[in-house]
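2 protein chains.
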Amino acid sequence: DSEGFTGEDDGEVTEGKAIYMVSDGTGWTAEHAVSAALGQFEHCLVNRGCSVSTHLFSGIDDIEHLMEIVKHAGKEGALLVYTLADPSMAASCKKACELWGVPSLDVLGPIIEAIGSHLGVSPLGLPRGAAGRKSTLSEDYFRRIEAIEFTIKQDDGALPHNLHKADIVLTGVSRTGKTPLSIYLAQKGYKVANVPIVMGIELPKTLFEIDQDKVFGLTINPVVLQSIRRTRAKSMGLAEDKSSNYSEMDYVKEELEYAGKIFAQNPTWPIIEVTSKAIEETAAVILRLYHDRKHKYSMPRISKRY
Amino acid sequence: DSEGFTGEDDGEVTEGKAIYMVSDGTGWTAEHAVSAALGQFEHCLVNRGCSVSTHLFSGIDDIEHLMEIVKHAGKEGALLVYTLADPSMAASCKKACELWGVPSLDVLGPIIEAIGSHLGVSPLGLPRGAAGRKSTLSEDYFRRIEAIEFTIKQDDGALPHNLHKADIVLTGVSRTGKTPLSIYLAQKGYKVANVPIVMGIELPKTLFEIDQDKVFGLTINPVVLQSIRRTRAKSMGLAEDKSSNYSEMDYVKEELEYAGKIFAQNPTWPIIEVTSKAIEETAAVILRLYHDRKHKYSMPRISKRY
Ligand SMILES: Nc1ncnc2c1ncn2[C@@H]1O[C@H](COP(=O)(O)O)[C@@H](O)[C@H]1O
Ligand SMILES: Nc1ncnc2c1ncn2[C@@H]1O[C@H](COP(=O)(O)O)[C@@H](O)[C@H]1O
Ligand SMILES: [Mg+2]
Ligand SMILES: [Mg+2]
Chain Z
272 DSEGFTGEDD GEVTEGKAIY MVSDGTGWTA EHAVSAALGQ FEHCLVNRGC
322 SVSTHLFSGI DDIEHLMEIV KHAGKEGALL VYTLADPSMA ASCKKACELW
372 GVPSLDVLGP IIEAIGSHLG VSPLGLPRGA AGRKSTLSED YFRRIEAIEF
422 TIKQDDGALP HNLHKADIVL TGVSRTGKTP LSIYLAQKGY KVANVPIVMG
472 IELPKTLFEI DQDKVFGLTI NPVVLQSIRR TRAKSMGLAE DKSSNYSEMD
522 YVKEELEYAG KIFAQNPTWP IIEVTSKAIE ETAAVILRLY HDRKHKYSMP
572 RISKRY
Chain G
272 DSEGFTGEDD GEVTEGKAIY MVSDGTGWTA EHAVSAALGQ FEHCLVNRGC
322 SVSTHLFSGI DDIEHLMEIV KHAGKEGALL VYTLADPSMA ASCKKACELW
372 GVPSLDVLGP IIEAIGSHLG VSPLGLPRGA AGRKSTLSED YFRRIEAIEF
422 TIKQDDGALP HNLHKADIVL TGVSRTGKTP LSIYLAQKGY KVANVPIVMG
472 IELPKTLFEI DQDKVFGLTI NPVVLQSIRR TRAKSMGLAE DKSSNYSEMD
522 YVKEELEYAG KIFAQNPTWP IIEVTSKAIE ETAAVILRLY HDRKHKYSMP
572 RISKRY
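Those protein sequences? They're chains Z and G, same order as listed. If you're matching positions, the first sequence starts at 272 in the numbering used here and goes up one per residue. If you're matching positions, the second sequence starts at 272 in the numbering used here and goes up one per residue.
Everything labelled a hint here was simulated from the structure, so no lab data went into it. There could be a bad hint or two in this list.
[Claimed, not checked] Straight-line Cα separation of at most 25 angstroms, SDA-like style, residue types lysine to any residue; simulated pairs: (1) G:Lys505 to Z:Glu410; (2) Z:Lys365 to G:Gly380; (3) G:Lys424 to Z:Pro467; (4) Z:Lys346 to G:Val392; (5) Z:Lys424 to G:Gly380; (6) G:Lys342 to Z:Glu384; (7) Z:Lys476 to Z:Ser445.
Excised from the complex, chain Z in its bound form (with noise of 0.2 angstroms):
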């Protein structure tokens, strides 16, 4: 979710321009559009013209530390987001803000207010956390775990036989990004299983029996994945050593071409191409491409009832 991210606070991060996030819970859907809107800066992000620190204050529901904080950001001068439930916490904090002149900006509140207008229904006006709310303990709950650990026990090509069980099955060589995005997938409650394309290793016969239009292949450019094995093989400390091909350029673009010819004999699997893709964008492509086989909406989308 954080695509800008660039480094973990390994000291007291004060360089740069400060952003402060401040939740009633988790903080994570302010980080969430924070970082998608610190994507329109990447241009000066990345030479550090104007470097961005962002600091995410979560859980919090009472005044006292919430004026703290907003005090904080005046001193520091910092920019001050905010998403909390409870109206009144919400106009407090504004008014504070603009008392210790630190620009702010309600992330929460416009959804809430179109939400409620659109159903004529007015917004509870408690934070998640509050008593009173739903119990996690609802399906959805359940069937996310068992995605995720569905997904867990199918990666690498383990268990084929269990193919079949899943929702989504994704094929390419290896370093095409099979297990993130597997990962990403399972979060999102979908079971998920990922068969590694190698060369010389057969792949399992119930690939090409189960239901095709849940298989997609993976696909990336030779050049980006003959770098991204290098940087692995380092990692793993792999000798560099001509024992291992894993990463020289005329072995990866064998493996790319068998891989090739595998996904031509297949034509029903949707072929991804990863290259610059970040996890989130190819789950995005693939779980529209599934929806719209699922459904065929005159327009593709995704639909979920709440």
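Chain G with the ligands: place on chain Z using the hints.
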């Protein structure tokens, strides 16, 4: 991220009020924000007083597609929320919505504007998929993938000799949510290991030898745990005979007491109560403590550099 999510689209989703989410990117930012906002309407969603269907349209970067969606939204009487990085696309969207009588909300524009004036820099105005954007092959990209792969390998007490390599080690009895929590944290870039507490099985010595500041205990209400274990046993098709006392109340209580004793013997481990917390809420609590222990800021926060 979609806490209130209750139904996958197993057919054309038409009942209830519609919310259209339109993005030139993945749509996950809009989905995350809408899902958090819908949490404020749980009181009527849950009992179906005002059932809602959301429809996500991703990768919308041309005006023709956009206009088609707006028209559709008009016909369906939908609310339309959008994240469009190109200001002219965002303006067209707004105008078209006015024209077709579609209530609309720009989720991204205000944040980009606030950050832009805070930094004194103009935004790119290009969708994330557009040419010229930062490559995903950043240090951070590799760090996250490594975290995910590490975390998968360390699931369920595997490879205890690797515990010292983890950033965070979770421990607790079966079904306290260690696995989904580990995966959630891994996606955020943390290497996580989880170690189950099972009566009659000794914990690995390494758990007590590693840096104790990174160990966290999970605990849960016994009634809730029993209900989770029952659901689990059913979904795994375990027979409900007496030989399996996994979900029997006496056993559940005894095992939680056993875990409680271990926690008491290791007072440096923070004990996190997970009952009625969503995974992402427990993750927020753990990360707040984790960063707090590491940095001892005057005010607990999670800081990042961009
Ligand atoms: N399930 C939920 N029920 C009620 N409010 C929620 C829910 N999820 C998120 N929120 C609210 O939405 C805002 C953002 O949440 P968070 O992403 O946890 O910081 C906070 O004000 C939360 O209180
Ligand atoms: N890394 C990024 N670079 C540029 N724009 C981004 C980035 N991430 C997200 N955005 C923009 O933020 C909005 C939300 O993105 P998404 O969550 O992918 O729908 C879209 O308008 C994207 O184009
Ligand atoms: Mg893998
Ligand atoms: Mg587990």
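| task | Sort out whether Z:Pro467 lies within 25 angstroms of G:Lys424, counting only the CA atoms. | result | holds, 17 angstroms
| said: Between the alpha carbons of Z:Lys346 and G:Val392, is the straight-line distance 25 angstroms or under? | reply: Roughly 22 angstroms separates the two Cα atoms, so the pair holds.
| query | Are the Cα positions of G:Lys342 and Z:Glu384 separated by 25 angstroms at most? | reply | This hinted pair holds, its Cα atoms lying about 23 angstroms apart.
| Within 25 angstroms, alpha carbon to alpha carbon, are Z:Lys365 and G:Gly380? | With Cα atoms ~19 angstroms apart, Z:Lys365 and G:Gly380 stay inside 25 angstroms; holds.
| said: Run the distance test for Z:Lys476 versus Z:Ser445: straight-line Cα separation, threshold 25 angstroms. | reply: holds, 19 angstroms
| message | Check whether the Cα positions of G:Lys505 and Z:Glu410 lie no farther apart than 25 angstroms. | response | holds, 13 angstroms
| Is the straight-line distance between the alpha-carbon of Z:Lys424 and that of G:Gly380 25 angstroms or less? | violated, 41 angstroms
Checked against the numbered hints above, the structure violates only hint 5.
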